[in-house]
Amino acid sequence: KAGVTQTPRYLIKTRGQQVTLSCSPISGHRSVSWYQQTPGQGLQFLFEYFSETQRNKGNFPGRFSGRQFSNSRSEMNVSTLELGDSALYLCASSLAEVSYEQYFGPGTRLTVT
Amino acid sequence: GNSVTQMEGPVTLSEEAFLTINCTYTATGYPSLFWYVQYPGEGLQLLLKATKADDKGSNKGFEATYRKETTSFHLEKGSVQVSDSAVYFCALRRLDSNYQLIWGAGTKLIIKP
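Protein chains in written order, with this note's numbering: chain A, 1 to 113; chain B, 1 to 113.
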């Protein structure tokens, strides 16, 4: 069974631009969570989707948004990029709504210049 | 509130040494506890878990025991290998309405041959 895939793996953007990251969960998984990982802040929860509905949201500004499609694939969008948005963005999928055991993708490395 | 505290890294050991990575938590009730591992260039993988007090999770030679009296979930391995070099994250699952995972800051482990 294929794991969680994230595209693109690497991305370089300039301040003020926007970016869209994509995540395909493991087949059959209906829950997708997004995390931002930085050396200074560690792993921070962005949001979780289940059956196309946002179930939980972390403490990030409104520039960060996401959605989930009917096939459980998810996208997250960051508008008006700032230098501090440079990070590894991780997607995780799980079978159930309750994020009991999550399976992570390799991440998208975003660099904002 | 809910929180997880891990020992700061990096932790540097020689091959075949005994490993302990400390993790303590603050939470109401009886949360589930997890250890995840992140190998270089990869996403996080679930290493082991424990769902109730005195449970011992184990996998790949690693063990951790859920200690309610000391609110701890320390990770141990009797004989580490170079391939164990990675970042280790302790996490707990909240028991309130959203079941969000709360993460520790991560501990980098370096094993020298």
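These are calculated hints, taken from the structure and not from any lab test. Remember, it's a predicted structure, so these values are computed and weren't measured experimentally. Where hints are given, some of them may not hold.
As the list claims (entries may be wrong) - Simulated crosslink set (EDC-like; lysine to aspartate or glutamate; CA at most 20 Å straight-line):
no.	chain 1	residue 1	chain 2	residue 2
1	B	77	B	63
2	B	60	B	84
3	B	52	B	42
4	A	57	A	85
5	B	60	A	85
6	B	68	B	84
7	B	108	B	76
8	B	77	B	54
9	B	49	B	63
10	B	52	A	101
11	B	56	A	82
12	B	49	A	101
Checked hints:
1. B:77 x B:63: OK: residue 77 (chain B) and residue 63 (chain B) at ~6 Å, within 20 Å.
2. B:60 x B:84: 10 Å, holds
3. B:52 x B:42: 29 Å, violated
4. A:57 x A:85: OK: residue 57 (chain A) and residue 85 (chain A) at ~17 Å, within 20 Å.
5. B:60 x A:85: 35 Å, violated
6. B:68 x B:84: 27 Å, violated
7. B:108 x B:76: 14 Å, holds
8. B:77 x B:54: At roughly 18 Å apart (the allowed maximum being 20 Å), residue 54 (chain B) and residue 77 (chain B) satisfy the hint.
9. B:49 x B:63: 9 Å, holds
10. B:52 x A:101: With Cα atoms ~16 Å apart, residue 52 (chain B) and residue 101 (chain A) stay inside 20 Å; holds.
11. B:56 x A:82: Measuring from Cα to Cα gives roughly 43 Å; hence the hint is violated.
12. B:49 x A:101: The hint holds at about 9 Å.
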